[in-house]
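Protein chains in written order, with the numbering used here: chain A, 619 to 927; chain B, 1288 to 1582; chain C, 7 to 429.
Hints were generated in silico from the structure; no laboratory data involved.
Check each hint, because a few of them may be wrong.
Here are some chain C residues pointing at chain A (derived, C-beta under 7 Å) [unchecked claim]:
(1) Ala93
(2) Arg101
(3) Glu106
(4) Gly119
(5) Ala123
(6) Gly126
(7) Val127
(8) Thr131
(9) Asp137
(10) Gly198
(11) Asn201
(12) His215
With the C-beta cut set under 10 Å, the calculated list includes, among others, these residues of chain B facing chain C [said to hold, decoys possible]:
(13) Gly1302
(14) Leu1304
(15) His1403
(16) Ala1414
(17) Gly1430
(18) Gly1503
Note that the Cβ used here is the ideal one computed from N, Cα and C, for glycine as well.
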Amino acid sequence: MAFYFGLLQTIGIHTLLGLSAYILLLTGQLSLAQVGFFAIGAYVSGILTVIFEYHIVPGLFLGALVGGLFAFLVGFPALRVKGLMLVVATIAFSEIVRLFFFNLNWRVSVNGVEVGPDSTQGFREIRFYAANGWDTLDVVLFVWLFVVIVMALLWWLDRVRVGATLRAVGADELAAQSSGVNIVAVKVSAMTGGGIIAGLAGGLYAHSATYVDHLTFSVLLATFAVAYPILGGLSSVFGTLIAVIFVQGVLIEGMRFLGDWRNILFGLLIIIAMNVRPAGLIDGKVVLRIREALGTGKKSGGEGHAETR
Amino acid sequence: MGIDFVDIAQAIIDGLLFGSTYALIGLGFTLIFGAMHKLNLAYAASAIAGAYVGLAMITLTGLPSVLAFFLGPIASGVIGFAVYVTCFRYIPTTNMLAPLMASIGALFFIDEIVIHATAGSPLSFPAVMEDIYLEFGDFGFRGDLIFVLAISLIAMAVLMYILFRTRLGLATRAVSQQPIAAELCGIAGHRTNAITFVVTGALGGLAGCMAAAAVGVISPLLTVPITVKGLIVTVIGGLGSIPGAIIAGFAVGGFENLFLLLFGVNQRDIYVFLLLFVFLVFRPGGVFDTAIERD
Amino acid sequence: MFNLKPIMKPAVMAAALSALISPAFAEETVLIAGWGAKSGPLRSFGVNSEAVLKAAVKEVNDSGGIMLSDGRNATLEYIYFDSACNAEQAISVARKVASETSALIGIGPTCSGAAAAMFGVFQKTVGDDSDTGLQFPILTDTAVRNGLAKISQWTFRNTPNEPDMYDKLFAWVAKTYPDLKTIYGGTETDQGHSNGTYSKVIVQASKRHGFDWATGAIEGVTGDLGSGSTEVLDSSSNWLMADTNFSVQARAFKKSNADIYIISSHPFTTCGMLKELKRRRAEPKLMIGLTSSSSAEVMKGCPDAAEGMIIPTSFAPITPAAEKVAMLANENGGDADLHSAAAWENVMIIKRVIESVGIGNTPETLVADRRMIRDGLETLEMTDGLIGEVQRVQDEGEALKPYVFVQATEGKWAVIHDPRAMQ
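Okay, chain A solo, but in the shape it has when bound (with noise of 0.2 Å):
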């Protein structure tokens, strides 16, 4: 079981990180930043529980919460640049963290043994959950609680009031702001939550994988942030969940008895799914089908709201 369990983690982390690169989606940033804040939350949240010995809930916290101070700082000058400028600046902000870990040397003697960050070395043994006896469904539990409740939250936020507002910049922006939609207020916020579940996710993967340098927090993985929620669609929090099971799951765990096949069929599945799907594996109709299959259908809003990101 303890595959299974593994895998469950790496999929509730990752959904994690989709999920915060999706809030941005929905207010039409497309933001490569999201690594970047995954970072700082996997440092901080390491560096506390390891060096400072906390435990591991505030120092999840303290890192989600540093995660989005920065998302804040970056949330103001990112409100002057859109589309691919966006991409870039955000690139950029993602490689300075990486290159700040990079020449990040900390070491500290805790209980006779040293540790902490070592620049290319990385940063070893952020063993909280082993040392402390937590086994992989116990991990996997703690896990799956922070994507519960982050999925609950955006999943409620969109039934309401502020889902249709981060929609409506994401969709006209000049129409909201005709509305009276603060955009700065809107952007802001969406930039601050993104960076704080992004952090969140960081932190659980830097304890999960006990290890982490700079290498982790490549440009790769940023575009596998967006790449989740893209896949998955915007039409619904659960489409960046199914795009998580679909590449780790699916492509990289499911498609191992392919070989070497596995490898080559990861990209070319991708195209053919963004082909067949354009607006995503669970795009609007889908979403509509479903709340009419269940009886909670509201006839008005659902229509493929998203059908053209």
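Given the structure of chain A, go ahead and fit chains B and C onto it with the hints provided.
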């Protein structure tokens, strides 16, 4: 060991010469963006893949190595067309994110094909005029980089000619500015876009060959750094601005090498990104600031 | 190596034939697992490692398989997974192998970063029930970054000991080239292995044997391992793993006027840097490289520019056994080098341990078998290596492997000094 004026000048010269590669990649991004307002992240991967095909052809057939610089771009043009068909052609034009995502899929796919064909082992790439090293007093110029610069200047001149002096160029610019009006005037949008991908693909292939020749070795490791550098060049040059991309390519090359000399390799890229932020804040329209701001 | 092929071919075919027949007699199988990078730019690691692993497994079976405790004979089988130099995938494969297969031991992963993460999810101290880490023995072949195996008592490595190798190398250089005095170098700073070995091992070893840094002594560097490592990096001219422009670094190398250049990086940038040095007409009297560059990749990428470079390596086809492994690896579509050749030795170590501890090899005894194999690995003091005996450093789970110094000569790595006789 102090840094003197010669070191600084030499670092900038070398950087500028190498910057022609960045300029070509930035040009490709900016052309596709100008034509379709979309981002093709598979671009650098197809550039490197084309260079590999060029290398394979001269190695397998024993043709003179200079031909790699022609065969590579042709191969990249073909790959560029394939990327257009698989990632852009059949996805609704209003959808911005799906083609981006599909091009990421294509990036993985192309890279893995190359990696499987070569087992990920770096291969020696031929350089033209490699034995020439021009020295003027304290300064030196690498012959192969001068060749690279000359080729890229010719490529840019040809591109400018096509864009501004031919009907094809007129159509491309028309589709880029007013796709619907262009369609009404009888210009086939899809065909024009496809041609843009082939032309930019070939430019990328040239850049890929040149980057590989400048290092002397080719490896799929080159893909991600070239993508990032190309994007930075595109933004600094101003989205859609062709002269902007060219100037920015050389500038990024020169500054990068200067930062390396002054701050060391661990901090070099931080300063390159800060340079980008300076442009985003003070000159969001790019070096020339004439390109229409688009999102 | 190549002219041996026609002679060996009938022998190999005969061996293949016997392999086809032998499973009919063997009733049961012993399973081992390997994993490493088979996708991504470092695919050659996984390809080479699997090629050698496959050859070694066949060798074991050709010579009668594995003897179990009660005299039963079992066929050795292996499964191989791709972990793509990725921490999550390496951990995932480790869990999969440990919980979903009957594999008794794992050989992997190939990349040091992935290994550092993967080892962390293993139980740190054996028998510590409060530690819920994985309990599964690992004997890694390729990941060479310093000091990884001590992360867990379940993880062992059979990788070269670089501090010893470079110490002996500089002692030899000092004796062989008494005219050479000054030294200068650089490393690929974003890779833990090249960076750590350079800034903590190589430069200090050169100091120990009386070489002077060409641009003035580096503060804090004594002969001790790791001394002044930050200052070493600041005083050197470095690059990153995916860099393409080495002009500034090559100029600094040339300007240093050093007798000896050190180029501590992996094949791709080693070649980039060497080619640039050649173009700049920087002509050192000697070049010294990183262990990982003593591979076929450098000879494919830049045979001319590498000419004359000296590297210490724990593998070279200098014994009949090593020659055979090099040939078999080629037949399996890979190359035997200092990383992958260890996979052969590891399989032989595993056979020896399994035969000595006497496993039950049934689903019920799986957990106990794995533990016995781990304990067996820990008690080993000496193992047979391809070029000589390998000492085990028991408390750290590491190895002290014999080595030779090779020099790039006309597109091949030629052995120029063999310190094994003196050890």
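Hints versus structure:
The closest approach between the C-beta of C/Ala93 and any C-beta of chain A is roughly 5 Å, which is under the 7 Å cut-off, so the hint is satisfied. With a least beta-carbon distance of about 4 Å to chain A, the hint placing C/Arg101 at the interface is held under the 7 Å criterion. The criterion of a C-beta within 7 Å of any C-beta in chain A is met by C/Glu106, whose closest approach is roughly 5 Å, and the hint holds. Hint on C/Gly119 holds. Least Cβ distance to chain A is approximately 6 Å, under the 7 Å limit.
The criterion of a C-beta within 7 Å of any C-beta in chain A is met by C/Ala123, whose closest approach is roughly 4 Å, and the hint holds. Hint status for C/Gly126 relative to chain A: holds, with the closest Cβ pair at about 3 Å, below 7 Å. Hint status for C/Val127 relative to chain A: holds, with the closest Cβ pair at about 6 Å, below 7 Å. Nearest Cβ of chain A to the Cβ of C/Thr131: about 10 Å, over the 7 Å cut. The hint is violated.
Nearest Cβ of chain A to the Cβ of C/Asp137: about 5 Å, under the 7 Å cut. The hint holds. Hint status for C/Gly198: holds, given a least beta-carbon distance of 5 Å to chain A, under 7 Å. For the restraint placing C/Asn201 at the interface with chain A, the shortest Cβ-Cβ distance is roughly 5 Å, inside the 7 Å limit, so the hint holds. For C/His215, the shortest C-beta to C-beta distance to chain A is roughly 25 Å, which exceeds 7 Å, and the interface hint is violated.
Given the 10 Å rule on beta carbons, the hint for B/Gly1302 holds: about 7 Å separates it from the nearest Cβ of chain C. At about 9 Å, the closest approach between the beta carbon of B/Leu1304 and any beta carbon in chain C falls short of 10 Å, and the interface hint on this residue holds. The beta carbon of B/His1403 comes within 7 Å of a beta carbon in chain C, closer than 10 Å, and the hint placing it at the interface holds. For B/Ala1414, the shortest C-beta to C-beta distance to chain C is roughly 8 Å, which falls under 10 Å, so the interface hint holds.
The interface hint given for B/Gly1430 holds, since its Cβ lies 9 Å from the closest Cβ of chain C, which is under the 10 Å cut-off. Restraint check, B/Gly1503 versus chain C: the minimum CB separation of about 4 Å is within 10 Å; hint holds.
Of the hints listed earlier, those the structure fails to meet are numbers 8 and 12, in rising order.
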